[in-house]
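Chemist: Listed below, chain by chain, are the residues.
There are 2 protein chains.
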Amino acid sequence: MSAADAPGREVLARVFLSRVLEPGDEVAGRWVRERGAVEVARCLRAGGPQLVGVTDKRWGGLLTRAQEADAARDLEVARDAGVRFVVPGDAEWPGQLDDLGDGRPLGLWVRGPASLRMWALRSVAVVGARACTEYGAHMAATLAAGLAERGWVVVSGGAYGVDGAAHRGALGAGGATVAVLACGVDQAYPRGHTQLINRIAEQGVVVGELPPGDHPTASRFIVRNRVIAALTRGTVVVEAAHRSGSLVTARAARRLGRHTMGVPGPATSSLSAGVHELLRDDAVLVTDAAEVVELVGDMGELAPQRRGPVLPRDLLEPGARRVLAALPGRGTASVAAVARGAQTTPDDAIARLYELRALGYVERHGDSWKLTRQAMISVRGGRS
Amino acid sequence: MSAADAPGREVLARVFLSRVLEPGDEVAGRWVRERGAVEVARCLRAGGPQLVGVTDKRWGGLLTRAQEADAARDLEVARDAGVRFVVPGDAEWPGQLDDLGDGRPLGLWVRGPASLRMWALRSVAVVGARACTEYGAHMAATLAAGLAERGWVVVSGGAYGVDGAAHRGALGAGGATVAVLACGVDQAYPRGHTQLINRIAEQGVVVGELPPGDHPTASRFIVRNRVIAALTRGTVVVEAAHRSGSLVTARAARRLGRHTMGVPGPATSSLSAGVHELLRDDAVLVTDAAEVVELVGDMGELAPQRRGPVLPRDLLEPGARRVLAALPGRGTASVAAVARGAQTTPDDAIARLYELRALGYVERHGDSWKLTRQAMISVRGGRS
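Those protein sequence lines, which keep their order, are chains L and Y. Using the working numbering, the first residue of the first sequence is number 162, and each one after it goes up by one. Using the working numbering, the first residue of the second sequence is number 162, and each one after it goes up by one.
Simulated from the structure, these hints should not be mistaken for laboratory data. C-beta: ideal position from N, C-alpha, C; glycine also. A portion of the hints provided could be inaccurate.
[Said to hold, decoys possible] Here chain Y is said to cover these stretches of chain L; the calculated rule only asks that three of the stretch's residues, wherever they fall, bring their Cβ under 8 angstroms from a Cβ of chain Y: (1) 290 to 304; (2) 360 to 368; (3) 417 to 428; (4) 440 to 446.
[To be verified] Derived Cβ-Cβ restraints for the label pairs, each shown as a range: (5) Y:Arg416 to L:Gly418: 29 to 39 angstroms; (6) L:Asp449 to Y:Glu200: 48 to 58 angstroms; (7) L:Asp449 to Y:Gly208: 57 to 67 angstroms; (8) Y:Thr429 to L:Asp251: 56 to 66 angstroms; (9) L:Arg404 to Y:Gly333: 29 to 39 angstroms; (10) L:Ser380 to Y:Thr429: 52 to 62 angstroms; (11) L:Arg404 to Y:Gly214: 55 to 65 angstroms; (12) L:Arg219 to Y:Arg416: 57 to 67 angstroms; (13) L:Gly250 to Y:Arg416: 53 to 63 angstroms; (14) L:Thr429 to Y:Asn359: 45 to 55 angstroms; (15) Y:Gly418 to L:His526: 37 to 47 angstroms.
The shape of chain L in the complex, shown without the other chains:
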C-alpha cells in the first residue's frame, strides 16, 4: 500500500471495530452513530470510560479484544488475500444497508472484481436449507440461472444445499452471484465449498462483515442473514424446515420492506413446511424466475431504462467504458466477444456487464448482451 493509498483514521477505526465488536450489535452501532467510529475505537483502546448499555463482563471482553486488535495488520492480510474493506460513504458502499439502522455493518470485507454497490442494485437473494432435497437444489439452480439470464444478480450465503445450488446456477449461466459469508472472506466455509467460493471471488463477489481469519459461529450465521436481506430487492426461500435460518432472512427482508417470496413444494415434505408457513403469512408464491422478476422488477427498476442510463458515460470507470465500447451498435454479443473487444478476461467482462446492466446501459438476452435502446441513442449521439 503506497502512502497515497494510506487508509484514513475512519477506515482504520472501522477495521479495528470490526475485529472487536460482533456483527449486528445494535448497542455498539448506536455508540458509533452518536460518537463516531474514531472516538469509539479510541475509547476501547484506552480502556474507558465504559460505554453505556454494556455490562461489566462484556466490557471486559471488548477491552481484551481491543488489546489484541491490529487494524493495520488486518488490512495488510486482507490486501494480500485480494480483499478490500468498504465503509459507509465509499463509492462501493451499498446504500440500502443503511436501512439496517444501528445494525448496519461497520464495514464490509469484499473479494471479487465487481462493484458490490452496482451489483446489489439489481439483486435477489435465493436461500434455503443446507440439507435440501434434489427438488430444492433443482429449483434453486433453475431460479438462479433464470435470474442471471434476465440480468439479475443472485445473492446467497455460500452454504451447502440451496445456497450452493443457487450460486452454481448463476455461475453456470455466465451470471453474477454474491456470497455473503459469516466468516472472514479469506476463509472458505464450509470447507467443501472452497472451490466454489474461490470461483465466486473470481466471477462474482464474496463479502462479509468479519475480518480476515475470523470463523463463523451459530449467532454469526443468524446476523449475517440480515445483510443478505438488506442488500437485495427481495428474498426467495426455496426449501426450509420450520425454524430454519432461511426464515430469519425472509423475515428480515419483510421487516426491511423487501419482497419475500417462497417456492412451494409437496405438503408432505418437511423441507417445504417452513416455506409454506411463510406463504401462509404474506410471502408471495413463485415458481420461476419470471415470477420473481415480475415482483422485484417494479416500475422503480424499469424507470432508469426509460429515462436512459442513470450515470453519464464519461463518469463510468475506465473498465466499464471499455466493455461498453466493445458492445456492437446493433445486435448482441457473447461475453467472450465482449471480453476480447475490451481486452479483458471473461470474468471481468461479466463483472462490468452486470454493473452496466444496473445502470441501464445494457441488457442480457439469453446468453448474449446488447445495448439498451437508450444507450444506443447515447452512444450514437456521442459518436456523431
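Assemble chain Y onto chain L, guided by the hints.
Modeler: Chain Y in isolation, oriented as in the chain L frame:
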C-alpha cells in the same frame, strides 16, 4: 306415493323445468323468479307466449323438450331409484344455494340417508384434477379423512382422480361425503365409479340438478361446479393444471364469498401449476385438514356450540333423537355402539351424527363421538 304425499303444483312444475331447462340458465332463472315456476312451466307447455331474452331457435328447442317432459313419471322413476326431489323452501333445501341468484338450481335430486341441508352447513369442497398424481391422490384422501375426523362433511364431484380420492378418504374415515353429479343421480358417471357412487348414496349423499336418466355434457360439468362452490364453506383445490375445471369451482367459491384454498405441490409439476396460479391470486395455502378448519371454522361456526345446540331437542327428527339418546352422558362411543343403541344401521347413524354435529349437539374425536358440553347440560336438564 300415497295421496297424502302427492306432489304440489310447484314441485311438479320444478321437476318439469329441471327436464326442460339446462342447469345454471340465468335467463330462465329470472323467468322463474319473476313469474313463478308454475307459470313458466305452463307457458312452455302451452307453446307461448315466447319468454323474453331467448332466441327463436332456442325457444323451439325448449318447446320440443317441453312436449317430451313428464314430471309425474320423472318423480316415479326417481322414487323407485330412492331419489327425492328437494326444492327451495323445503326443510332439506340448503339455503346457501340462494347465493347463486338466478343461477340457483330449480331443485335438487337427492339420494342418500342424510339431510343435505344439515350436512351442507359444515361442509368443505375438495376438488382437483382427474388425471392427478399419486401425490394429489394422497393429499386429497388425507385432507378428506382429516376433515371427516374433525366432524366436517367433504363435498366433491365424484370424478376420477382427486374427487374420488377425497370421497374415499372421507368414507374410509367413517365420515360424511357428498357427491355433486353433472348427470341424473340414478346414473353413475364415470362408469368406473359406479360402486363408489352407490357407496356414497348409502353412507353419504349423492345430489344433482339433472333429472333421472340425464347424461353429463362438458357444459354441465362446468355449471355443476357452481353448486359445489355454493353448498360449501370453502373449496380446496388439490391438484389442477392451468385451465382446469377445478379452478372454475374455486373462482365460483371466491365470487360467492366462500373461502378458496389450494394445496401446494412441486413447482415442476404441471398438475400443481393451476393451484399455484390460484395461490398467487388470493387463495390460501393449506397443507392439512387443521389449516382448512382453522380457516372455514370461523366464529360463526363455533358460536352455536357456545350458545348450545341451535335446535331444541324436541324439534329433532325421531331418527336423530334416537341417535342422540344413544350417546353416553359422559365419554365417547363408536359409530357401531351408537348404531346398536339407536337400533339402526351404522350408515344411518353416521348420517344422523353429522347432522347433530352441524346442530352443535355432538363432536367427533378421532373415531368416536361424544355429546358437546352444551348438549350434556341440555340432556341432563331434560332427564332431571
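Chemist: Evaluate each hint against the coordinates.
Modeler: Each hint tested on the structure:
Figure legend: the stretch 290 to 304 of chain L, annotated as covered by chain Y; annotation consistent (3 residues with Cβ-Cβ distances under 8 angstroms, at least 3 required). For the stretch 360 to 368 of chain L, the assignment as covered by chain Y is violated, since 0 residues bring a beta-carbon within under 8 angstroms of that chain's beta-carbons and 3 are needed. For a cut-off of 8 angstroms, the count of residues in the stretch 417 to 428 of chain L with a CB near a CB of chain Y stands at 5, and the three-residue condition holds. Three residues within the 8 angstroms Cβ limit are the bar, and the stretch 440 to 446 of chain L against chain Y gives 4, so the coverage statement holds.
Evaluation of the 29 to 39 angstroms hint for Arg416 of chain Y and Gly418 of chain L yields a pass: the beta carbon distance comes to about 33 angstroms. In this structure the hint that Asp449 of chain L and Glu200 of chain Y lie 48 to 58 angstroms apart at CB holds, the actual value being about 56 angstroms. In this structure the hint that Asp449 of chain L and Gly208 of chain Y lie 57 to 67 angstroms apart at CB holds, the actual value being about 58 angstroms. A C-beta distance of roughly 42 angstroms is found between Thr429 of chain Y and Asp251 of chain L, which places it outside the suggested range of 56 to 66 angstroms.
Against the hinted window of 29 to 39 angstroms, the Cβ-Cβ separation of Arg404 of chain L and Gly333 of chain Y comes to about 33 angstroms, which satisfies the hint. The supplied range of 52 to 62 angstroms is broken by Ser380 of chain L and Thr429 of chain Y, whose beta-carbon atoms lie about 36 angstroms from each other. Between Arg404 of chain L and Gly214 of chain Y the beta carbon distance is about 60 angstroms. The supplied range of 55 to 65 angstroms therefore holds. Separation of Arg219 of chain L from Arg416 of chain Y is about 60 angstroms and conforms to the stated range, judged on CB atoms against 57 to 67 angstroms.
Between Gly250 of chain L and Arg416 of chain Y the C-beta distance comes to about 55 angstroms, which sits within the given range of 53 to 63 angstroms. The supplied range of 45 to 55 angstroms is broken by Thr429 of chain L and Asn359 of chain Y, whose beta-carbon atoms lie about 31 angstroms from each other. Between Gly418 of chain Y and His526 of chain L the beta carbon distance is about 45 angstroms. The supplied range of 37 to 47 angstroms therefore holds.
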